[in-house]
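J.: Mind docking chain V on chain Z? Use the hints.
Number of protein chains: 2
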Amino acid sequence: ADIEAGKSKAAEVCASCHGVDGNSPAPNFPKIGGQYRSYLVKALNDYKSGARNDPIMAGMTANLSAADIENLAFYYSSLPGTLNSNK
Amino acid sequence: ADIEAGKSKAAEVCASCHGVDGNSPAPNFPKIGGQYRSYLVKALNDYKSGARNDPIMAGMTANLSAADIENLAFYYSSLPGTLNSNK
Chain Z
1 ADIEAGKSKA AEVCASCHGV DGNSPAPNFP KIGGQYRSYL VKALNDYKSG ARNDPIMAGM
61 TANLSAADIE NLAFYYSSLP GTLNSNK
Chain V
1 ADIEAGKSKA AEVCASCHGV DGNSPAPNFP KIGGQYRSYL VKALNDYKSG ARNDPIMAGM
61 TANLSAADIE NLAFYYSSLP GTLNSNK
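Each protein sequence line maps, in turn, to chains Z and V. Residues in the first sequence are numbered from 1 upward in steps of one, following the numbering used here. Residues in the second sequence are numbered from 1 upward in steps of one, following the numbering used here.
Just so you know, the hints here were simulated from the structure itself, not pulled from any lab data. Ideal placement from N, C-alpha and C gives every residue a C-beta, glycine not left out. Hints may be right or wrong, so weigh each one.
Claimed, not checked - Chain V side only, calculated, beta carbon under 7 Å to chain Z, not exhaustive:
| hint | residue |
| --- | --- |
| 1 | SER8 |
| 2 | LYS9 |
| 3 | PRO27 |
| 4 | PRO30 |
| 5 | GLN35 |
| 6 | TYR36 |
| 7 | TYR39 |
What the hints assert, rightly or not - Ranges of calculated distance between the beta carbons of each label pair, as one might list FRET restraints:
| hint | chain 1 | residue 1 | chain 2 | residue 2 | range |
| --- | --- | --- | --- | --- | --- |
| 8 | V | SER8 | Z | GLU12 | 38 to 48 Å |
| 9 | V | ASN53 | Z | ILE56 | 29 to 39 Å |
| 10 | V | ASN53 | Z | ASN63 | 19 to 29 Å |
Next comes chain Z alone, as it looks inside the complex (with noise of 0.2 Å):
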């Protein structure tokens, strides 16, 4: 995965509800800088296939690629903070 490509993914898709530090600014949206990495990628293809269903992160996941969502869950599992293990 590409933590750059990550980066600059989530500055334009993510960042808006859930901060460009994963810490986001509105409690309805929950904090993803420093999760499991596993688990970030697990939400995003839940998402994005319907196994997960919220209309916003539908529209949010629908058009990102596979190699997109590796880049996220690295960038995001990467940041500091106390709930960083990058795992």
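T.: Chain V alone, transformed into the frame defined by chain Z:
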């Protein structure tokens, strides 16, 4: 919401997968310490109702009362960390 009741219920129901501090020991389980309280309430309610479908969490939430859910969200959202805002 009662944070001590949340702590007690967390130890009983949640901690084996998500940790007593919300930093899950295994990367397939998301970290929840310091996550937004409102988001944790929504996640638990969605698992309980089936709106969010996960066989593990369906079982875990089946016997949680509305008060349990409020208390658990209060407890896990209050834990220290860079993700802590307790909103």
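J.: Are the hints correct? Go through all of them and say.
T.: How the hints compare with the structure:
1. SER8: Not OK, violated: V/SER8 not within 7 Å of chain Z, min 23 Å.
2. LYS9: violated (21 Å)
3. PRO27: holds (4 Å)
4. PRO30: holds (5 Å)
5. GLN35: For V/GLN35, the interface hint holds, since the closest Cβ of chain Z sits about 6 Å away, which is under 7 Å.
6. TYR36: Holds. Min distance 4 Å.
7. TYR39: holds (5 Å)
8. V/SER8 with Z/GLU12: 38 to 48 Å: holds (44 Å)
9. V/ASN53 with Z/ILE56: 29 to 39 Å: Hint violated: Cβ distance 18 Å, outside 29 to 39 Å.
10. V/ASN53 with Z/ASN63: 19 to 29 Å: With Cβ atoms ~24 Å apart, the hint holds.
In summary, the numbered hints that this structure violates are 1, 2, 9.
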